[in-house]
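Student: Modelling step: build the complete structure from the supplied sequences, incorporating the hints.
Number of protein chains: 6
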Amino acid sequence: MVDIEVKNRHNYYPMNDKLFSTIQKLSEFEGFKDVCHQQMENHPMPSIEVLKEIVQLSRSILFPGYYGDAAVSPRTMMYHIGVNVDRLHLLLEQQIKAGICFDCTPGMNSDSSIEKLSDQIATQFIVQLPIIRQKLHTDVVAAYNGDPAAKSFGEIIFCYPSIRAISNYRIANALLHLNVPLIPRIISEMAHSETGIDIHPGATIGDYFTIDHGTGVVIGETARIGSNVKMYQGVTLGAKSFPLDKNGNPIKGIARHPRIEDNVIIYSNSTILGTITVGNGAVIGGNLWIDTDVPAGAKMAQKR
Amino acid sequence: MVDIEVKNRHNYYPMNDKLFSTIQKLSEFEGFKDVCHQQMENHPMPSIEVLKEIVQLSRSILFPGYYGDAAVSPRTMMYHIGVNVDRLHLLLEQQIKAGICFDCTPGMNSDSSIEKLSDQIATQFIVQLPIIRQKLHTDVVAAYNGDPAAKSFGEIIFCYPSIRAISNYRIANALLHLNVPLIPRIISEMAHSETGIDIHPGATIGDYFTIDHGTGVVIGETARIGSNVKMYQGVTLGAKSFPLDKNGNPIKGIARHPRIEDNVIIYSNSTILGTITVGNGAVIGGNLWIDTDVPAGAKMAQKR
Amino acid sequence: MVDIEVKNRHNYYPMNDKLFSTIQKLSEFEGFKDVCHQQMENHPMPSIEVLKEIVQLSRSILFPGYYGDAAVSPRTMMYHIGVNVDRLHLLLEQQIKAGICFDCTPGMNSDSSIEKLSDQIATQFIVQLPIIRQKLHTDVVAAYNGDPAAKSFGEIIFCYPSIRAISNYRIANALLHLNVPLIPRIISEMAHSETGIDIHPGATIGDYFTIDHGTGVVIGETARIGSNVKMYQGVTLGAKSFPLDKNGNPIKGIARHPRIEDNVIIYSNSTILGTITVGNGAVIGGNLWIDTDVPAGAKMAQKR
Amino acid sequence: MVDIEVKNRHNYYPMNDKLFSTIQKLSEFEGFKDVCHQQMENHPMPSIEVLKEIVQLSRSILFPGYYGDAAVSPRTMMYHIGVNVDRLHLLLEQQIKAGICFDCTPGMNSDSSIEKLSDQIATQFIVQLPIIRQKLHTDVVAAYNGDPAAKSFGEIIFCYPSIRAISNYRIANALLHLNVPLIPRIISEMAHSETGIDIHPGATIGDYFTIDHGTGVVIGETARIGSNVKMYQGVTLGAKSFPLDKNGNPIKGIARHPRIEDNVIIYSNSTILGTITVGNGAVIGGNLWIDTDVPAGAKMAQKR
Amino acid sequence: MVDIEVKNRHNYYPMNDKLFSTIQKLSEFEGFKDVCHQQMENHPMPSIEVLKEIVQLSRSILFPGYYGDAAVSPRTMMYHIGVNVDRLHLLLEQQIKAGICFDCTPGMNSDSSIEKLSDQIATQFIVQLPIIRQKLHTDVVAAYNGDPAAKSFGEIIFCYPSIRAISNYRIANALLHLNVPLIPRIISEMAHSETGIDIHPGATIGDYFTIDHGTGVVIGETARIGSNVKMYQGVTLGAKSFPLDKNGNPIKGIARHPRIEDNVIIYSNSTILGTITVGNGAVIGGNLWIDTDVPAGAKMAQKR
Amino acid sequence: MVDIEVKNRHNYYPMNDKLFSTIQKLSEFEGFKDVCHQQMENHPMPSIEVLKEIVQLSRSILFPGYYGDAAVSPRTMMYHIGVNVDRLHLLLEQQIKAGICFDCTPGMNSDSSIEKLSDQIATQFIVQLPIIRQKLHTDVVAAYNGDPAAKSFGEIIFCYPSIRAISNYRIANALLHLNVPLIPRIISEMAHSETGIDIHPGATIGDYFTIDHGTGVVIGETARIGSNVKMYQGVTLGAKSFPLDKNGNPIKGIARHPRIEDNVIIYSNSTILGTITVGNGAVIGGNLWIDTDVPAGAKMAQKR
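Protein chains in written order, with the working numbering: chain A, 1 to 304; chain B, 1 to 304; chain C, 1 to 304; chain D, 1 to 304; chain E, 1 to 304; chain F, 1 to 304.
Warning: the hint list may mix true and false statements.
Just so you know, same-sequence chains aren't split out, so a pair can sit in one copy or run between any two.
[What the hints assert, rightly or not] Here are the simulated lysine-lysine pairs, BS3-like style, with alpha carbons at most 27 Å apart:
| hint | residue 1 | residue 2 |
| --- | --- | --- |
| 1 | Lys116 | Lys135 |
| 2 | Lys33 | Lys299 |
| 3 | Lys240 | Lys299 |
| 4 | Lys240 | Lys25 |
| 5 | Lys135 | Lys52 |
| 6 | Lys18 | Lys33 |
| 7 | Lys116 | Lys52 |
| 8 | Lys25 | Lys252 |
Hints listed in this document are in silico derivations from the structure and should not be mistaken for laboratory results.
Tutor: Okay, here's the thing in structure tokens:
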């Protein structure tokens, strides 16, 4: 009969025993319990893909024509901004909720209160976009004025990595100030991967900020940077040491990074460490290791 | 009636007032006029996506089998090269036009003259591909000879980031010499994001050039590099200072980067600044800060 | 007649002569013979796209819920691990074969022996995944304990670039020990491009390893790193010089990188060169250039 | 200054007035209120894309190896079924909820009760998959036995449109019996578009059912079909007339289609209309118009 | 040397001679001149992909929420309509130009006059969208009232193939009346492939038109259909014969299809041929062949 | 400790028991053995996606400029044909092998003999493409001459469904004559789904063949159609009855469909059944049921 024929020709490609027992081993609770994320029911995970779209939407609102639909004009501007804001709100509300739920414990908050909160935070973020755009405009002006190779504002917005990194920072910083967990850090790591510039969302950065080339720049969580500051590639604003608690673990969240006052320039590959202050107008040469205060107006250079 | 029923069940999800007024604010001309690109009618914007395809097509012509269709053979080579050149010409003509139009003012050039010019430049670029391929072959040989970890030419072409960065540089440099605006810079920034190596398209670089590891390398707009030069990660060929014009703005385009003569080696994280010359066969150790001429054959090392 | 009409309206857009002759030139054997890869019949090329999926599958087995399907739970774990292991074996066998064939000469091995070998190696790699997962767990713990800005294990797995770089290294290292050519290097270069961290698959690295920020880190082929070692951005473990053979070419594969013992910390942008040893518990400050042994427990800092 | 220059070169591409006023007109509430769907807050719309994946997942569970991952084997079967069932449950729960919410009025049901209901229905559907698979197996056997052109069971599962249409019908019918609104109809329309076979999910169809070629077949909502029935392309089982209510509108949902008993054959393009019965073993020739009962065993043919 | 080694291991996979000579044969002008389209320089080909997006955009403007972004609400309606109209105009202008250029002869029109014309036609089409939406609303009402299985307007818009076919027809018909060549026919063939309903864009169709099931319906170029007409699957409104010109070729474009007056119902698979008239309120039974006038109010049924 | 905290917050979303036991049931061998395809090791399954690309490549070789790259010109024709033939050969060889392996029994053929055979068949198919192109050219001419609505050859190639269906038929028929199993049937079903026209690859069809509208056309496995034949939608060339073997099963593969001689026209929805002959120049009216020979030159019409 047909069935017998069909059965006889089965010549299955067997999975070998070693793979089989490895699957068993990898599926044991003890083995995966610390490296496996468990979402609670109906609580979404943050999505790298959606966060990429959020960054893209924000950029298209902040720099219309350069990002998003290139054909925008003053008369159609409102339509494009409207649609982008509408979608940004939807996606951001969802990712904020995902961020809140990432580490939340059962029973901590009711679902509906988290949803209401996420909606409010998304709105509050969007309300700040006009101010973020103004700040980014000052960063573009600073990059243009500071780089002899720059031909136009457009060139800077379109292809300078520093503008991408600073945009992500200003977005992530605004979300952090609205107490959104996890999401700001993911957004800043996206720029880190794209540009090699690692700015912690917790840092404070003034207007007219610019970073030339940028690969290897690190700006730590509690760094404070004034207005009109310029940095080159490889500059670190880092922590010198971490105070430990009585169990020998680092105390989380306390100030440990430098304060850079207005009008400072820091040349490539220099490292500024600890809770020191670099005073107004100071110029730090390249390849330096600074862990004490620098007075205003000082010119530091590598000894030879 | 049906219509009434339909009407009554409308329970629209309203956009809240704060979003609504933020959209208004973000759509005001004063707010976006400096951060919004305005293309002229029928003038395309440069497209990052198309430029990525242009780089990919160029690589598949320069290194057939490694990039593009892997199944190419000597007998089918002409078909593959023919199709790739045909498409490269089409896309490049379009992006060159987009680059020319990016900052052009109304009435500057007639559309048809820009199109004719873009067509000519695209052709002139393609005509140089055999020479670019020869130069890149020397770069592959240099990487193979200089790295004890390299097993074959193929490994270098297939996975060394320096070859990707130098390929983009040689492409971008050729386009810049044909007076294409903006596009060369975008192509070099693509390699910068992919590899952490930032080579300005305006730099001049000889044959047998190699960069090991590469992250953090910066080579400035007016740097001139001889033949058989090797660099390691984190090396900067930068500007020391920018001459200012009478308004206090940096003068654009003048020479401000080093000249590196033939057979020089520069170890990791060293910084060479200003219009100095590093002489034939010099060896610059790591982590150095050099802003004066280095004589031919000198061996520089960090003092301790 | 119809045909004539059709014929007459042909107004072909001609390919110009310069493009035509350039295609000829680019298709000449002498021009491409050294930059063109030739696969043997039925021997696949390694595929960057497939290798990306292999890395993604490995990550989803090692860190279930963070990578791959977010909705995995203990009860469904076995299904997800099973499907991912099944596909990983299939793809890996194929890429291992591609790696083996990349440089193999005709007649070197029969097809069926290469296929059998690739199958065995893929299985042997998968059998090691439980151990690789344990090692990566120690790396996560080290990152959590060492960074005051880290809020949870989850945050570290989800967005710290060092975990991505170390994961790729541990995968590539296991494949290299199974004598797979080329593929390990491509996998480590993927992490290099994504994170700016360049770890050669040949390096030996112990448990509880962590890299903060990471951009610009280079760890060479013969470096050996103990347990509980921490590094910051820009650190190089490099070669000091290459012994040459009698033809003046570097001797491939011999030891030329440092040995870092347990519990060492190396701050940002320091360079450790040559076959030296940094002893247990030593602390190397930032921006240093080290090419001699460092005793256990020493604290090295930049002189000023 | 820079700003003035930038301002002056704006030469915006204006949206013309006719488009502008048409947008206004199309955005007026009166114009769109009857053709615009309004979801309630947080109530998803059914998604054609997700429903396509649901059909694809169901097919890969019902016919493993033909649909979904081709490399499944008896030893890996459980893993593949497990992952597919897990994902099918997730997507189906979401689409069932979307279907329930599509026409629901505010306040009708609490969100959580709809979610719980959707979860239960999705589970109940999946529990029926083994029975659905058995029924589909009988349909495959019938197609094989009835078509001299069929070479194997595999050929039928792999490329006969009738199997695709009947699979979608059996899935949609099960969902309809679980009181899922809208979704079953969308699933059957997918098969209609793919195959030209339009089977309403409300129809009742026995085992060993087969349709040859199939384009143009229509089987109405209240049709009942016995076991071992065969149809050809263009056959309609339709309604003869619709009883109207006192307002002159058709009464929805009452029986109005034929009953086809076991072992009936209906040749191409015949139309069977109304609540008639075609008796066991009857053969209806092609191009016939039947609106009265056909006795068991009758042979009907077109008069000439 | 290295080069020699590389050379020796070349073992190219040769293209066989039969393929080689077939390529030659397929590339000869005589062989392809009648089956190859030649665009003039800078004249785009119509693009099926772009036309699909045009249909999708039109549907999202006509039925907001059902097609396109599901999250549209009255307050955000204007933004969504604005963006969609803006993009529709851009794409349509381009495709209209492509349609005009498809058969145009060199020198027929200047490029700039074709562009201006395409822009005007695209605008004129968009201006008609509010009227097209009103007409489609009547079609939805007719489908709802005529089908006892229909549960809501929403179900009809979302999944009835007739609404998709009629939407494409009303779009294609408007474009044809604006003298756009080729494009209307492609748009109606898209619906034909999707639904099995083939309505020529040249047909004239009144309000409240509905087709049940629809597979196999054909409505010819010069058919005229009144208001409130209903059809079932397989109905043809065709030509009886084609008057020939003196060369024996059919005369193109003259009236050759039926006129269907208001309130007519035509049951499944009936064929109405030639320039006849079916009078107001007539009912045509199924499977009939009609090639003479049918008086108003007549009830036609198949003889048995 | 950290681990305990992590452990405690696990609140896994459990898979419910009903799903769990259904997975078990669906994974039992008895349940899936007849509906699951088992490939032998290293024997690929036919891939619908690859077969779609094969059809697309064939169309771009047969109708250059209409399908595939629109920018082809006589001077670049050879490059495009060369690349397309090269890839077509590669994909076709692989799918032919998959077709041969689909039902093959273990040990039937060695792998290498199947590979060699597949390579030969793929080449033999490609060698026939010039002849297939000539035949399709006659079909285009016939469609143009027969349809008063057709404006140009280009319109017919670009958007007439009959050309797509006949192209797939001529491709599938050539493959069937080269004894390729399964693949031809999948290719003809692709056209069936796209156009509603179902032509069995085994049918024999002469030059200048055309089908108007086409939905619902069925042409059976052993039908033979002469030159210059025209059909309309819904025409069936079917089998009247199937001779049974002594077990009561239909005898596979024997002649059972009509022979249509040259110059015949068959109007819509007519059904021609059995091994009859319709003589040269006969005209079959619409909606007819023909199961006896029709003499040459006869005009058949529906009686009324």
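Student: Evaluate each hint against the coordinates.
Tutor: We went through each hint and held it up to the structure:
no.: 1; hint: Lys116 / Lys135; in the structure: neither (29 Å within a copy, 41 Å between copies)
no.: 2; hint: Lys33 / Lys299; in the structure: neither (54 Å within a copy, 38 Å between copies)
no.: 3; hint: Lys240 / Lys299; in the structure: both (22 Å within a copy, 14 Å between copies)
no.: 4; hint: Lys240 / Lys25; in the structure: neither (43 Å within a copy, 43 Å between copies)
no.: 5; hint: Lys135 / Lys52; in the structure: within (22 Å within a copy, 30 Å between copies)
no.: 6; hint: Lys18 / Lys33; in the structure: both (23 Å within a copy, 25 Å between copies)
no.: 7; hint: Lys116 / Lys52; in the structure: within (23 Å within a copy, 32 Å between copies)
no.: 8; hint: Lys25 / Lys252; in the structure: neither (36 Å within a copy, 39 Å between copies)
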